[in-house]
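Peer 1: Each chain, letter by letter, is given below.
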Amino acid sequence: MIVSRHSLRLSLLASACLWQLPAMAQEATELPQVDVDSATSPANLATAPLTGATLSREEVRTFQTRSSDTARLLQGVPGVSANGGGGFSSMPAIRGLNEQRLNILVDGHPIDSACPNDMNPPLSYTDPLTVQGIKVITGVSPVSMGGDSIGGVIAVESAAPVFAKGSKLLIKGEASSFFRSNGDGFGGGLSLTMATRNLSATYSGSYTEAGNYDGGGDHGAVRSSEFAKTDQALALAWQNGLGLFELKGGYHFSPYEGFPNQYMDMTSNTSWYLNGHYAGLFDWGSLDIKGHVRDTDHEMNFLADKRGLAGRDMPMNTQVKSAGYTIKFDLPVSSRDTLRLGHDYHHQGMDDVWPAVAGSMMMGPNPYLNINGGRRDRIGGFAEWEARWSDKLSSLAGLRYDRVLMNSGTVQGYNGMGADAAAATAFNALNHRRVDHNWSGSVLLSYAPVAGVSMELGYARKVRSPNLYERYSWGRGSMSSRMIGWFGDGNGYVGNLDLKPERADTLSAAFELRGTGKQGWSLKLAPYYTHVDDYIDVVKLANLSVLGTTVAQLQFANQKAEFYGLDVSGVLPLWDDGARGSARLTATLSYLQGENLTDGGPLYHQMPLHAKLALEHKVGGLEGALEYEWVDGKTRVDATRNEPQGASYQLVNLRTAYSWKQFRLSLDVENLFDTGYDLPLGGMSLGDLLADGVQRPVPGRGRSVNVGLNVRF
Amino acid sequence: MAALAALLVHIVALALIWAPQPVRRPPAGNGGVVKLFALPQPEGTLRASSAPEAVPVHAPPIARARIAASPAPSLLPAAPAAPVAPSPAASLSSPLPAAVMNAAVPSASPPVRGTDRADAARAAYVRLLWQQIAQRRPAGISLAGSCTIAFRLDGQGRLISAEISQASGNMLLDKLALRTVRQAAPYPAPPAMVADGGLLFAIPFSFR
Chain L
1 MIVSRHSLRL SLLASACLWQ LPAMAQEATE LPQVDVDSAT SPANLATAPL TGATLSREEV
61 RTFQTRSSDT ARLLQGVPGV SANGGGGFSS MPAIRGLNEQ RLNILVDGHP IDSACPNDMN
121 PPLSYTDPLT VQGIKVITGV SPVSMGGDSI GGVIAVESAA PVFAKGSKLL IKGEASSFFR
181 SNGDGFGGGL SLTMATRNLS ATYSGSYTEA GNYDGGGDHG AVRSSEFAKT DQALALAWQN
241 GLGLFELKGG YHFSPYEGFP NQYMDMTSNT SWYLNGHYAG LFDWGSLDIK GHVRDTDHEM
301 NFLADKRGLA GRDMPMNTQV KSAGYTIKFD LPVSSRDTLR LGHDYHHQGM DDVWPAVAGS
361 MMMGPNPYLN INGGRRDRIG GFAEWEARWS DKLSSLAGLR YDRVLMNSGT VQGYNGMGAD
421 AAAATAFNAL NHRRVDHNWS GSVLLSYAPV AGVSMELGYA RKVRSPNLYE RYSWGRGSMS
481 SRMIGWFGDG NGYVGNLDLK PERADTLSAA FELRGTGKQG WSLKLAPYYT HVDDYIDVVK
541 LANLSVLGTT VAQLQFANQK AEFYGLDVSG VLPLWDDGAR GSARLTATLS YLQGENLTDG
601 GPLYHQMPLH AKLALEHKVG GLEGALEYEW VDGKTRVDAT RNEPQGASYQ LVNLRTAYSW
661 KQFRLSLDVE NLFDTGYDLP LGGMSLGDLL ADGVQRPVPG RGRSVNVGLN VRF
Chain R
1001 MAALAALLVH IVALALIWAP QPVRRPPAGN GGVVKLFALP QPEGTLRASS APEAVPVHAP
1061 PIARARIAAS PAPSLLPAAP AAPVAPSPAA SLSSPLPAAV MNAAVPSASP PVRGTDRADA
1121 ARAAYVRLLW QQIAQRRPAG ISLAGSCTIA FRLDGQGRLI SAEISQASGN MLLDKLALRT
1181 VRQAAPYPAP PAMVADGGLL FAIPFSFR
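Residue numbers (this note's numbering), protein chains in the order written: chain L, 1 to 713; chain R, 1001 to 1208.
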């Protein structure tokens, strides 16, 4: 501001000498302010539909002490649940559709999993300590957000670059640390930004580590649940007359992550990436270009808990190299209409090799080539038309075309014996090249007739091509097929070259009522129905005997499925007066039914009816919350996968925090009553099975006292 | 005579600039809105009111009215007195504040001194301008910041110039605000009374 006043003086001095003003007043009449909000409204239909939710940095900060698993953080959003994996690798599911079917973006870029067990899903590369915001869309999303998915959207964002306003260097940042008693988990994170008016540099880094956790009640320790990882990133931004240029490079390393529901553990995961971004705003519209490159090296073997019964050594190495770009044009063609055009490309190359084990009869003398030179290349384009009929009504319609090309090279087993040898010969005799032409479209309508009432209706037809493992896993032996699968059920999976892409038709609606006044109440109801043609489920090939238990060998197959349900959420302010502070009640309820229409049975891992209630209170710098969660028993189970039923349970969590100036100290008691329960979507506890022959579902976390410290500067 | 008047104008202007400026912070925080200097009317134009200064339309009462109508709750302890930052629940889905939803322009408070017809006409014209710009308000782009665009119109309502008088620090936001003002043109022709009083306007934008 001082700068502009200075230049004002200079220019006036100059003009005083040169200027002969006629009698003309120079005062500027001020207009009222124009507010541009990014929150949900008919105007923001393309970026923030009503079925969406945005978790701000404040909300993520509230929960970062409790978990390092970003997917678990999202469970507060109605309709979102998490399929269990490792300590930081849960796979989110939205309205019954699992992680592979969702559009998950980190900083606007897709991330490929590089593992036959999906141990490194996209969210595992993020840490709540440094996440700045998460946008979730549970219902129909516009085609401009991405293709190759049939479910919702999860977009994890780092902070947009900030620049200094004056000539003084801007330095800001945030540091956090935490300790969790259950599993002795600890870690820390740092975000630091240094900026001038045109340049901005942000470093973000985090480290987290924990041992095996204990289940509640008398469930005892859950084997193979330890983990450690670090994420580091440096982002540079430069703004000038042409626009905004960004470059971000990052490195992720995990020395180990146990997977309670898999036969293997992750013994090393290294991933480095480089993201580029250009955003420009012109009179004719705006242009956004993104590019990314990523290299991931993933290794699996047995950690200590599994070596007892599984053996000492079974190395499995997956390497994935990805690259891609997205180009989007935003063209306001009239005061009412905006046209969006986009083109994107993404390449994934994979080698999945299981080296021979010295001295092993079964696992040698050759390396097992699971995926040899596999590739999955997507090229797509979309056109979208958004119309703002008035402040109250907006509509959006888009069409997208994706071409997916997949191929894989010749394979081989460890040796010439057994079912694998025959399977390799059969696989190599076939042509592996597949091309899918996928057409998708979505239509959204948003209407807000009066203040406090909003409604939205959406229909989408989305298509997803199979992933590399669904098409190209070829092993038929008991062990080799059990190495494939991200379902945590202990079953074996075999790929299917003839799989067709999944085509889903979704109808979703949302209706929201908000009370007027400063502390209004709100209620949101969001029903939905999805019908999927060629849904990739499984057919049973055989039974397998493993460590005294019976599991199934399954093959991927196209079937038909449908999902329907209702998500409800509400907020009720209780009181707000100075001395007693403010308090409010929040509640969510989710009902989901997922059905396989081909065999008439329920689909696998469908979250039972559950509800959450939270009483939050803030007075001065002190804030507290009492959370109550109720989950119904899991009675709808997939018989084909031998999915076990589960009992209903209730959990109580207590959360307190004290903020003073830029410090925040939080104390959080998770599972206050140490309730013993099984995770409905946790899978089977194979770590416990391999450690001491006990077969049980993966238990939920027992009581944990978590302490966190956070500083902002 | 005119040259003397012009010189007087400049001397007084310089004196005013060097005097400490009362900076009025906009309700949304984040960067002050520079209240562009108000010059005394040259002696040639006598006005009915005895006001020595032209009185620009004051926004603070409007802003306060808007805050009261906003439904967004906020439980953050350091809640600013300004339009509240969206709380977790509000961030899930919050339609535009009630005042904007009904496309109603917050009514300008009457000028401090009297009900001068020129001032009332100016206030009405400002309302029209605001409505026209607000209708072409861009969609949110998930960037936060405040900036002010100063723009000048001619006698027919055409846009002569527009510039960023108060930058937000983020060039994309500034460009977006500038483009909004440029593309909302042409504006309605100002009535003669308003045109005589000068056609330089400033409009603050607040992005959240």
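Don't read these hints as lab results, they were simulated from the structure. Be aware that a few hints might be false.
Stated by the list, open to error - Only part of the chain R face toward chain L is listed, based on derived beta-carbon distances under 7 Å:
hint, residue
1, Q1131
2, A1139
3, G1140
4, G1169
5, R1208
As the list claims (entries may be wrong) - Some residues of chain L that are not near chain R, with every Cβ distance over 10 Å (derived):
hint, residue
6, T29
7, Q232
8, P332
All C-beta atoms, glycine included, are put in the ideal place defined by N, C-alpha and C.
Peer 1: Confirm or reject each hint.
Peer 2: Against the structure, the hints:
| no. | hint | verdict |
| --- | --- | --- |
| 1 | Q1131 | violated (10 Å) |
| 2 | A1139 | holds (5 Å) |
| 3 | G1140 | holds (3 Å) |
| 4 | G1169 | holds (4 Å) |
| 5 | R1208 | holds (5 Å) |
| 6 | T29 | violated (5 Å) |
| 7 | Q232 | holds (25 Å) |
| 8 | P332 | violated (8 Å) |
Hints 1, 6 and 8, counting from the list given before, are not met by this structure.
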